Amino acid sequence: MGRLEIRALMDDAGLDLMERRYASRGYKLTRPADVTLGAYWEGRLVSTLGMRRDAGVLGADQSFTDELGRMRRQGWQLCEFTRLAAEPDSPSKLVLASLFHFAYLHAFHHWKANHLLIEVNPRHKAFYQRMLEFKTHGDERLHRGVGAPAVLMSLSVQDGIQQLKRLGGTMNEGGRSRTLFPYFFKKSEEPELLRRLADVYGYGLND
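If you read the sequence shown in the numbering used here, its first letter stands for residue 201, the second for the next number, and so on.
Calculated from the structure, these hints are not laboratory results. Heads up, some of the hints might be wrong.
As the list claims (entries may be wrong) - Straight-line Cα separation of at most 16 Å, EDC-like style, residue types lysine to aspartate or glutamate; simulated pairs:
#, residue 1, residue 2
1, Lys386, Glu373
2, Lys365, Asp339
3, Lys293, Glu333
4, Lys293, Glu373
5, Lys387, Asp399
6, Lys325, Glu287
7, Lys228, Asp216
None of these values were measured; they are calculated from a predicted model.
Please build the complete structure, drawing on both the sequences and the hints.
What follows is the structure in structure tokens.
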């Protein structure tokens, strides 16, 4: 199918792709993420995904203050996914699944997050519900950062882990699932993926 690489993007790497894809939809680019990953297909950057660690204020707090407040009071440890951009000609299922798998590993094992958050345009809500089993919180609001309507969605890390154990790495042989989870890595490959993340970001595997 071709060579796919996931890389840590430093400084302004990937900014051109993000700005171009956001502008094509009439959006403004949100503030920088704490960590940004990039997917390279045959050596070309085709998709990005950013993450923000919750230190009391996330981008989603601007529009969903009450919802995030309730989550924190319930003991949710949050990680916000943001700055998702993709070239229209990329192999979207494999690329998105690979990015999300690395991002979940970083959020869960290094930041100790147990819930992943994302703000999406309402027309993309069905995609995240169907393909990644995200759940919606609250009503549609204006996303002040990008200047467009948004809905708040979350995924329990433990729910995602169960899907990975069952479907990860199967590439949906037999067409058993409509989700992206078959295109994630195998659960047995996670120790090696974590080692590579640790090498890049300089933390111990037990941090």
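### Query
Okay, which hints does this one fail, numbers in order?
2, 5, 6
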